[in-house]
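To convert a position in the sequence shown, counted from 1, into the numbering used here, add 1365.
Since the hints were derived computationally from the structure, they do not count as laboratory data. There may be inaccurate statements among the hints.
[Claimed, not checked] Pairwise CB distance ranges (calculated):
1. Glu-1871 <-> Arg-1712: 26 to 32 Å
2. Glu-1871 <-> Leu-1386: 22 to 28 Å
3. Arg-2162 <-> Thr-2135: 35 to 41 Å
Where a beta carbon is used, it is the ideal one built from N, C-alpha and C, also for glycine.
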Amino acid sequence: MLHDLRFAGRLLVRSPGFTLLAALTLAVGIGANTAIFSVVDALLLTPLPYPEPERLVAVHSRLPAQGFEEFWLSPPEFLELRQEARSFEALAAWVPRAINVVGRSEPVRVEAAYATPELFTALGVEPVQGRLPTDAATRPGGEPAAVLSHGLWQRAFGSDREIVGRRVRVDASPVTVAAVLPPGFEVGGRRFDVWLPLVLDSANPGMREAHFLYVLGRLRKGISLDRARAELDGILARWPGRHPGLHTPDPREHRVVFEPLLDSLVGEARPALRLLLGAVAFVLLIAAANVASLLLARAEGRRREIAVRTALGVGRGRLLRQLLLESLVLALLGGALGLLLGLWGMRAIVAAHPGSLPRDVEVGVDARMMGFTLAVSLLTGVAFGLAPALHSLGGTLTAALKEGGRSSAGAGRQVLRRGLVVLEVLLATMLVLAGGLLIRSFWNLQRVDPGFDPEGVLSFQVSLPFPDYPEPAQVGAFYEELTQRLASLPGVEAAAAMTGLPPDREAVAVPAALEGVPEDPKGPPHVVDYWQFVTPGYFRTMRIPLVEGRTFEPSDGPGTPGVVVVNRTMARTFWPGRSAVGRRLRAAGPESPLLTVVGVVEDVKQGGIAQRTGTEIYFLHAQALEAAGSLPQTLYAVVRFQGDPETLLAAARAEVRRLDPAVPVSDVRMLDEVVRESTGRSTLLTRLVLLFALVALALAAVGIYGVLASLVEQRTQEIGIRMALGAQARQVLRMVLAQGAWLVGTGLALGVAGALALRQVLAGVLFGVTATDPAVFGAVLLVLAAVAFFACWLPARRATKVEPMVALRSE
1366 MLHDLRFAGR
1376 LLVRSPGFTL
1386 LAALTLAVGI
1396 GANTAIFSVV
1406 DALLLTPLPY
1416 PEPERLVAVH
1426 SRLPAQGFEE
1436 FWLSPPEFLE
1446 LRQEARSFEA
1456 LAAWVPRAIN
1466 VVGRSEPVRV
1476 EAAYATPELF
1486 TALGVEPVQG
1496 RLPTDAATRP
1506 GGEPAAVLSH
1516 GLWQRAFGSD
1526 REIVGRRVRV
1536 DASPVTVAAV
1546 LPPGFEVGGR
1556 RFDVWLPLVL
1566 DSANPGMREA
1576 HFLYVLGRLR
1586 KGISLDRARA
1596 ELDGILARWP
1606 GRHPGLHTPD
1616 PREHRVVFEP
1626 LLDSLVGEAR
1636 PALRLLLGAV
1646 AFVLLIAAAN
1656 VASLLLARAE
1666 GRRREIAVRT
1676 ALGVGRGRLL
1686 RQLLLESLVL
1696 ALLGGALGLL
1706 LGLWGMRAIV
1716 AAHPGSLPRD
1726 VEVGVDARMM
1736 GFTLAVSLLT
1746 GVAFGLAPAL
1756 HSLGGTLTAA
1766 LKEGGRSSAG
1776 AGRQVLRRGL
1786 VVLEVLLATM
1796 LVLAGGLLIR
1806 SFWNLQRVDP
1816 GFDPEGVLSF
1826 QVSLPFPDYP
1836 EPAQVGAFYE
1846 ELTQRLASLP
1856 GVEAAAAMTG
1866 LPPDREAVAV
1876 PAALEGVPED
1886 PKGPPHVVDY
1896 WQFVTPGYFR
1906 TMRIPLVEGR
1916 TFEPSDGPGT
1926 PGVVVVNRTM
1936 ARTFWPGRSA
1946 VGRRLRAAGP
1956 ESPLLTVVGV
1966 VEDVKQGGIA
1976 QRTGTEIYFL
1986 HAQALEAAGS
1996 LPQTLYAVVR
2006 FQGDPETLLA
2016 AARAEVRRLD
2026 PAVPVSDVRM
2036 LDEVVRESTG
2046 RSTLLTRLVL
2056 LFALVALALA
2066 AVGIYGVLAS
2076 LVEQRTQEIG
2086 IRMALGAQAR
2096 QVLRMVLAQG
2106 AWLVGTGLAL
2116 GVAGALALRQ
2126 VLAGVLFGVT
2136 ATDPAVFGAV
2146 LLVLAAVAFF
2156 ACWLPARRAT
2166 KVEPMVALRS
2176 E
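My request is simple: use the sequences and hints to build the entire structure.
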């Protein structure tokens, strides 16, 4: 075995050009598979970092009529489910929220979550310092206690070993630190810096329509997911009778579902990941077919060598082992290069579009990735080496020893190489068609009008702590003064503030009472998908067109009749064929005042660029407490300007500090960046599939060229005789091109059939284009045909340059 390995190494060293070309070809295929496998392994195959993660389930609502596959639970639903469900060892709820925390220096804006104590029990987490809060902290009037993440403990408190028991200021209120969590702890794919107790009063849980709780649970040992679902169905069936006339789940319009927590985290990414896995598998197959074709061509020159070795008594098993070892050495060399390429590719995937993939922080290098690369290399080595090895051992000893010239190879020995070319063209066609469809889909996505103009708009978040701003007048005065100061800065065209930053927000789906519009069981439910609280000047700052009526004016404010603005979709949904201006509605329950619609504006994408536009109500922030029952104290400031964004940001920070030095500025982004980030997953998928498609196309072109060049070389004597007998150059050119056209045409036809068979795989990731779009198919086939023609033309042109006398003399 060692002798054979040394011999294989010497052969590869003696042919550096062949070795480099084959190794690089394999490195491309293996590297692509390694990079994508590492991502898929981290997202789908690696268990969640909790004890017995298979027992963890996500619990959420599903509202099909409104297009929400995953929605929150309301506090009454959670409390009753926690009390009645016996399938759970623990059932927990949490609510994310951004807060201000004062560390050792100035306040910082951090991501926090208010959670019930069962959350830590369900996830099996133990603090590295202190003790986790008990139920007492979540009761009304209980002493609040904070749990810090390991990262915040290090950043804001300098890894203070005496932090437990100390009081820190959270939104200007003193809170005792109870514990510090271990590094890397996350929930729902997100990492929070501070955990605070979620207070839910079972005696006064609030409205059943108010859905805002994330819920997860840990099943008891021995309880299957199907059994838990059966128990849930029984519980939900009793709720309508127990709460007649109130909002309760039903099997058609409002379902409550369980699913494994991992599925809930990565469910939306599965179609894209499956497509990427298929794409890199195609690239690897094409690369392997190319190398197999190279080895077949190389084997033709070694048939006499193998025949001599056979005549000297070497057995076929020994020869087969020798040839396979040569292939494996080549594959391992390609695998080593592919591993380096995969490491670079994996990091590039994660860094190019951070946040576009769930759990992307867990993508890394480990033994599974190394083992996968080794396994792929070995399997590829056997796959592309076996056929050439068997081909080299085929035929009779006498015939091999008698072979003399290049023309003796015969057409029969080219059948396998031609089949490999057809396979390459087939796979490349499918992959390039997928890339073409995704390009068209991405183009459609980029042309979607978000409903506002994001160019030249700076956004940042400001949050006012309630203890420092307990009165609505104080909150309103702060934001009014802030927007006026921002609007007066040099280069600023307009400034305003709002609660939610489009185009990728979470819906609220709050019921609304529409005066004079009876609710029809067969019609759309009287639920508003999005609420937006804005300051005057918002529509001008965002450049949202007015359709009808007016927007908010200086005369609108506290103490004046409540007014709202709605979007075009809401006007069409609830007042079809009629004017929405002058209509009245209640947005916060039967005790809230009637609000008058004074204007209709164009739709703004709120739930994602690729998602349908929902219904939306715009409230004037100064009237929010009376009109909607709450006054948002956290708003995004948006500033439309011309000039340097860094200069403007410095000036904006200074204005906030002048108003209140304790209020931090956070989440600073240009609005066009926010829009681009909302399509990050689609952008990443399109770029990767297009890259793999181009690689596949290049490899297929090389394969076509190699086979036809080999055919021309082997038929040099025949071509020389034809030309000596009077054949014209164009006839020789046509003869060679016809052979290439047959191979390419067969591969294209089979590739189109394969793409049509797999159209359902693509349908889930396309936007605005069908998986059988004739324009895309036609354009892609033209590109493929052009590339294939060029690959065929080069060797055909060389065939026309054959000198008859030189060809005959060389034979």
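Consistency of the hints with the structure:
1. Glu-1871 <-> Arg-1712: 26 to 32 Å: holds (30 Å)
2. Glu-1871 <-> Leu-1386: 22 to 28 Å: violated (52 Å)
3. Arg-2162 <-> Thr-2135: 35 to 41 Å: 40 Å Cβ-Cβ, so the 35 to 41 Å window holds.
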